[in-house]
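Chemist: Here is what each chain is made of, one letter per residue.
There are 2 protein chains.
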Amino acid sequence: MIRQTSKELYAAYRESMRKIADIRYASAVLQWDQETYLPPKGAPIRGQQISTLSETAHQLFTAEELGVLLQELKTRGDLTDKEKKNIALSWEDYERQKKIPSAFVRELSETVNKSFHSWILARKKNSFAQFSPELARLVALKKQEAEYLGYSEHPYNALLDEFDKGSTVNKLDKVFGDIRTPLKELLDKIMAKPQVDDSFLHQHFPKDKQWAFGLDILRQLGYDMEAGRQDISEHPFTINFNSNDVRITTRIDEDDFSAMTWSCIHEAGHALYEQGLPDDEYGLPCGEAASLTIHESQSRLWENHVGRSEAFCVFQFPLLQQYFPEQFRGLSATDVYKGINKVQPSLIRTEADELTYHFHVMIRFDIEKALIEGSLQTADIPAFWNEHYARYLNVSVPDDKRGCLQDIHWSHGSFGYFPTYSLGSFCAAQLFDAAQQSVPALENELDNGRYQPLLQWLRNNLHQHGRRYNSNELMVRITGREPGIDNFYNRLLDKYKNIYNI
Amino acid sequence: MIRQTSKELYAAYRESMRKIADIRYASAVLQWDQETYLPPKGAPIRGQQISTLSETAHQLFTAEELGVLLQELKTRGDLTDKEKKNIALSWEDYERQKKIPSAFVRELSETVNKSFHSWILARKKNSFAQFSPELARLVALKKQEAEYLGYSEHPYNALLDEFDKGSTVNKLDKVFGDIRTPLKELLDKIMAKPQVDDSFLHQHFPKDKQWAFGLDILRQLGYDMEAGRQDISEHPFTINFNSNDVRITTRIDEDDFSAMTWSCIHEAGHALYEQGLPDDEYGLPCGEAASLTIHESQSRLWENHVGRSEAFCVFQFPLLQQYFPEQFRGLSATDVYKGINKVQPSLIRTEADELTYHFHVMIRFDIEKALIEGSLQTADIPAFWNEHYARYLNVSVPDDKRGCLQDIHWSHGSFGYFPTYSLGSFCAAQLFDAAQQSVPALENELDNGRYQPLLQWLRNNLHQHGRRYNSNELMVRITGREPGIDNFYNRLLDKYKNIYNI
Numbered sequence: 001m002i003r004q005t006s007k008e009l010y011a012a013y014r015e016s017m018r019k020i021a022d023i024r025y026a027s028a029v030l031q032w033d034q035e036t037y038l039p040p041k042g043a044p045i046r047g048q049q050i051s052t053l054s055e056t057a058h059q060l061f062t063a064e065e066l067g068v069l070l071q072e073l074k075t076r077g078d079l080t081d082k083e084k085k086n087i088a089l090s091w092e093d094y095e096r097q098k099k100i101p102s103a104f105v106r107e108l109s110e111t112v113n114k115s116f117h118s119w120i121l122a123r124k125k126n127s128f129a130q131f132s133p134e135l136a137r138l139v140a141l142k143k144q145e146a147e148y149l150g151y152s153e154h155p156y157n158a159l160l161d162e163f164d165k166g167s168t169v170n171k172l173d174k175v176f177g178d179i180r181t182p183l184k185e186l187l188d189k190i191m192a193k194p195q196v197d198d199s200f201l202h203q204h205f206p207k208d209k210q211w212a213f214g215l216d217i218l219r220q221l222g223y224d225m226e227a228g229r230q231d232i233s234e235h236p237f238t239i240n241f242n243s244n245d246v247r248i249t250t251r252i253d254e255d256d257f258s259a260m261t262w263s264c265i266h267e268a269g270h271a272l273y274e275q276g277l278p279d280d281e282y283g284l285p286c287g288e289a290a291s292l293t294i295h296e297s298q299s300r301l302w303e304n305h306v307g308r309s310e311a312f313c314v315f316q317f318p319l320l321q322q323y324f325p326e327q328f329r330g331l332s333a334t335d336v337y338k339g340i341n342k343v344q345p346s347l348i349r350t351e352a353d354e355l356t357y358h359f360h361v362m363i364r365f366d367i368e369k370a371l372i373e374g375s376l377q378t379a380d381i382p383a384f385w386n387e388h389y390a391r392y393l394n395v396s397v398p399d400d401k402r403g404c405l406q407d408i409h410w411s412h413g414s415f416g417y418f419p420t421y422s423l424g425s426f427c428a429a430q431l432f433d434a435a436q437q438s439v440p441a442l443e444n445e446l447d448n449g450r451y452q453p454l455l456q457w458l459r460n461n462l463h464q465h466g467r468r469y470n471s472n473e474l475m476v477r478i479t480g481r482e483p484g485i486d487n488f489y490n491r492l493l494d495k496y497k498n499i500y501n502i
Numbered sequence: 001m002i003r004q005t006s007k008e009l010y011a012a013y014r015e016s017m018r019k020i021a022d023i024r025y026a027s028a029v030l031q032w033d034q035e036t037y038l039p040p041k042g043a044p045i046r047g048q049q050i051s052t053l054s055e056t057a058h059q060l061f062t063a064e065e066l067g068v069l070l071q072e073l074k075t076r077g078d079l080t081d082k083e084k085k086n087i088a089l090s091w092e093d094y095e096r097q098k099k100i101p102s103a104f105v106r107e108l109s110e111t112v113n114k115s116f117h118s119w120i121l122a123r124k125k126n127s128f129a130q131f132s133p134e135l136a137r138l139v140a141l142k143k144q145e146a147e148y149l150g151y152s153e154h155p156y157n158a159l160l161d162e163f164d165k166g167s168t169v170n171k172l173d174k175v176f177g178d179i180r181t182p183l184k185e186l187l188d189k190i191m192a193k194p195q196v197d198d199s200f201l202h203q204h205f206p207k208d209k210q211w212a213f214g215l216d217i218l219r220q221l222g223y224d225m226e227a228g229r230q231d232i233s234e235h236p237f238t239i240n241f242n243s244n245d246v247r248i249t250t251r252i253d254e255d256d257f258s259a260m261t262w263s264c265i266h267e268a269g270h271a272l273y274e275q276g277l278p279d280d281e282y283g284l285p286c287g288e289a290a291s292l293t294i295h296e297s298q299s300r301l302w303e304n305h306v307g308r309s310e311a312f313c314v315f316q317f318p319l320l321q322q323y324f325p326e327q328f329r330g331l332s333a334t335d336v337y338k339g340i341n342k343v344q345p346s347l348i349r350t351e352a353d354e355l356t357y358h359f360h361v362m363i364r365f366d367i368e369k370a371l372i373e374g375s376l377q378t379a380d381i382p383a384f385w386n387e388h389y390a391r392y393l394n395v396s397v398p399d400d401k402r403g404c405l406q407d408i409h410w411s412h413g414s415f416g417y418f419p420t421y422s423l424g425s426f427c428a429a430q431l432f433d434a435a436q437q438s439v440p441a442l443e444n445e446l447d448n449g450r451y452q453p454l455l456q457w458l459r460n461n462l463h464q465h466g467r468r469y470n471s472n473e474l475m476v477r478i479t480g481r482e483p484g485i486d487n488f489y490n491r492l493l494d495k496y497k498n499i500y501n502i
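Top to bottom, those sequences are chains L and Z.
When we follow our numbering, the leftmost residue of the first sequence carries the number 1, and every step to the right adds one.
When we follow our numbering, the leftmost residue of the second sequence carries the number 1, and every step to the right adds one.
These are calculated hints, taken from the structure and not from any lab test.
Misleading hints may appear alongside valid ones.
Which copy is meant is left open, so a pair is good if it fits within one copy or across any two.
Claimed, not checked - Listed next, the in silico DSS-like pairs over lysine-lysine satisfying Cα-Cα at most 30 Å (straight line): (1) K85 - K41; (2) K207 - K41; (3) K84 - K165; (4) K125 - K143.
Please build the complete structure, drawing on both the sequences and the hints.
Modeler: Have a look at this one:
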């Protein structure tokens with residue numbers, strides 16, 4: 001055998017990874033279609049087609065030859081740093097995936113498909129009991145997956161690691177423990193004050209006007225419509241097939257203006273990240289997002305630090321009045337700012353304000369932890385849920401649809417995802433603070449509806465690196481500190497001091 | 001090794017075929033998306049993703065193990081007739097596909113992708129010269145493919161066989177030779193008569209009204225909207241991902257009512273066939289269409305024998321008036337019938353009447369034959385094209401866009417497809433005649449806008465068999481005769497005698 005150069009070997013590695021990515025992203029196209037345009041009778045076979053693609057991608061990725069290639073490349077010193085990083089990360093992924101049999105990947109994918117349809121049905125019937133047995137099967141598989149993957153201390157750690165490498169129950173217990181009491185105290189102070197009026201958000205906002213307004217905002221933020229598109233789905237999401245095809249979805253409630261608008265901005269945050277990933281690293285780790293936490297930091301940054309800012313309300317107010325003259329008559333930009341930032345303990349996570357949002361996440365974290373360690377059975381979720389909503393948020397859950405059936409994640413087998421929403425929010429605050437410090441003109445730019453400088457800063461400092469640095473490394477690199485809660489908490493204090501005169 | 005039962009082996013065969021079908025249909029989903037919703041910058045990687053799926057499906061299908069399995073199954077006597085047929089056809093496909101290297105499949109798919117984009121660009125610039133080099137590369141690959149596959153007499157036969165097994169240059173030369181002169185004579189007689197007025201078709205027909213009318217017609221014909229959907233694309237097509245997800249597309253020209261309407265009916269014909277294929281034969285030959293000729297017989301049957309009939313115009317006239325009161329004011333159903341059947345030599349195949357249509361096909365057939373045998377170079381297509389349009393249709397081609405750049409097929413590498421349009425039309429007439437004879441109430445049913453009896457007859461006699469019988473076998477089985485041109489020609493005589501008083 002002739003010894004191949006590192007360049008040749010790396011090219012072979014790239015080629016294999018490209019092929020696997022093609023199949024994974026094909027699966028993503030089928031999923032996108034499933035959530036947007038799939039005719040109802042097409043659903044069963046679609047699930048099967050997606051499972052076959054997952055299984056095939058897994059088989060290709062865990063093939064012995066790729067392992068041999070990676071091992072050889074690990075020994076080569078004459079690669080660039082970025083190439084070395086790709087090899088190191090692919091090797092990590094390879095070792096991880098090798099632990100899981102392809103047949104298990106198929107079984108998991110098929111079970112997810114059944115569970116997803118069972119969840120839809122259960123929601124229609126407003127009965128968690130309908131969903132519980134299917135969810136129990138999925139939890140059993142996720143526990144099995146944790147066993148395959150291995151873990152120290154807690155099986156849930158194996159799953160948390162999938163969404164954010166290095167995330168553990170211990171760390172999350174600590175960060176949620178640190179933030180729980182201060183948040184609760186702040187919430188109590190706010191609730192003791194006179195309430196903000198947000199009734200204007202619940203007038204009639206025609207569908208097509210909302211749609212057009214949403215697109216307008218997306219364009220302003222810099223979402224490239226030539227490299228993506230927006231469609232309607234039951235649950236808003238972002239999905240990417242490469243950095244030049246990053247799609248988002250939204251839903252429109254004609255009686256709730258905020259449902260679409262800030263969800264658009266949230267998904268735009270995800271999409272701007274994906275559109276900013278280096279397209280010459282397609283299929284390679286450095287072409288992928290750093291972690292789900294970092295992904296959520298991007299969506300939450302745009303949603304909260306841009307979209308829910310006073311600057312945004314003031315600048316966009318004339319546009320709002322143009323699209324909805326009736327609905328915004330007699331209101332000021334400040335009224336809008338206060339209305340969209342009203343703090344109100346409530347039942348639905350996706351409609352929650354920036355403060356109470358994290359109680360929703362903590363409750364889900366507690367449930368997932370208990371499910372995976374086996375101290376809670378799926379049938380007991382509603383009781384646990386309702387008790388915790390009463391305890392943390394002082395709300396009484398009237399039915400499963402507005403309770404433990406509200407989120408799609410568990411039906412997808414995504415256990416370990418929810419914590420990234422909170423961690424992402426905390427990182428968002430820390431990143432936004434760093435951006436303000438490093439771009440002195442930023443405030444002025446945002447006041448004038450110029451979002452490019454912020455986007456450019458994110459592209460340069462974060463997006464372009466892909467997975468080259470993990471969450472912690474990225475945060476240290478960009479902000480000089482490990483991820484923490486200080487910026488987040490101080491920002492909430494400032495924000496609500498202003499809005500609620502605390 | 002323990003000897004496995006035929007049942008076990010057949011199950012293993014089914015499972016392999018299902019998996020391959022999942023990947024092939026995934027590729028079809030990506031193609032559908034490419035033609036409907038793909039953002040422009042997503043195109044390059046999309047082409048690559050499709051190529052990977054084609055290559056992967058080819059690799060799986062030509063794997064040694066499947067060959068061994070098929071060979072063993074061929075020896076088993078204890079299978080049902082249908083199972084034996086599936087095995088025999090899969091073996092044929094296997095032997096055929098084995099001749100082509102997977103790397104060639106990839107190269108062809110990538111070249112098709114480039115060629116398709118080059119064609120789009122050339123159309124924009126209205127310059128065939130822009131497209132010619134890319135097309136030349138594709139023609140070279142198709143010639144190579146013919147060599148891989150092998151053929152007797154003419155390399156084009158290897159390609160014709162892909163669309164309709166057993167179709168050859170000789171047979172086509174004969175059938176086109178038989179029909180050419182009678183058609184030309186009929187055309188001359190018609191052109192000597194006073195012309196029919198179809199100006200009402202070229203008023204303004206608003207997009208949304210046309211869209212709604214099209215869906216109305218689709219539903220009436222029996223197209224199952226729960227197992228399919230219609231979208232807009234540049235070029236109307238039907239595509240299926242299984243018999244419960246069969247999608248069609250259309251295009252709307254606000255100044256030409258017929259552009260959308262009869263294209264809807266044409267695609268519905270294709271879709272009704274696909275929706276009628278047995279869904280328990282997913283991925284197996286008996287779950288696939290018999291041939292492209294039979295496919296086109298279905299689209300042409302619904303388009304021409306139903307959609308362009310007087311009965312259709314009479315029954316749908318009140319609906320037309322309801323959707324378009326202004327446009328159909330002062331007209332009768334007979335005016336509509338005559339208008340939509342106006343015979344007029346023209347430049348665009350898809351807008352051609354039932355008579356001149358076949359000259360468009362014959363010209364393309366002559367060009368393909370010459371390209372594949374090497375007697376014509378792609379650069380010389382425009383001259384050849386324009387000369388033949390002058391000769392057969394007496395029209396002068398003003399530019400490439402209205403000439404040899406009009407059809408998408410060559411850019412897709414589909415050489416051998418066009419003849420099936422004519423053969424399909426001839427078969428449609430023969431099938432419709434058989435339906436009339438076997439369902440005496442059919443005329444009355446169609447007069448009253450009841451399309452189910454015809455559909456049911458097609459389902460029972462044709463759709464349900466999938467590929468179990470080839471074109472010839474099916475035609476003999478259903479009509480008692482080999483496919484011929486008599487029914488087609490006699491029908492045209494009758495039709496135009498009535499419309500043109502010949």
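Chemist: Give a verdict on every hint.
Modeler: Verification of the hints:
{"no.": "1", "hint": "K85 - K41", "verdict": "between (45 Å within a copy, 28 Å between copies)"}
{"no.": "2", "hint": "K207 - K41", "verdict": "both (27 Å within a copy, 28 Å between copies)"}
{"no.": "3", "hint": "K84 - K165", "verdict": "within (19 Å within a copy, 52 Å between copies)"}
{"no.": "4", "hint": "K125 - K143", "verdict": "within (28 Å within a copy, 59 Å between copies)"}
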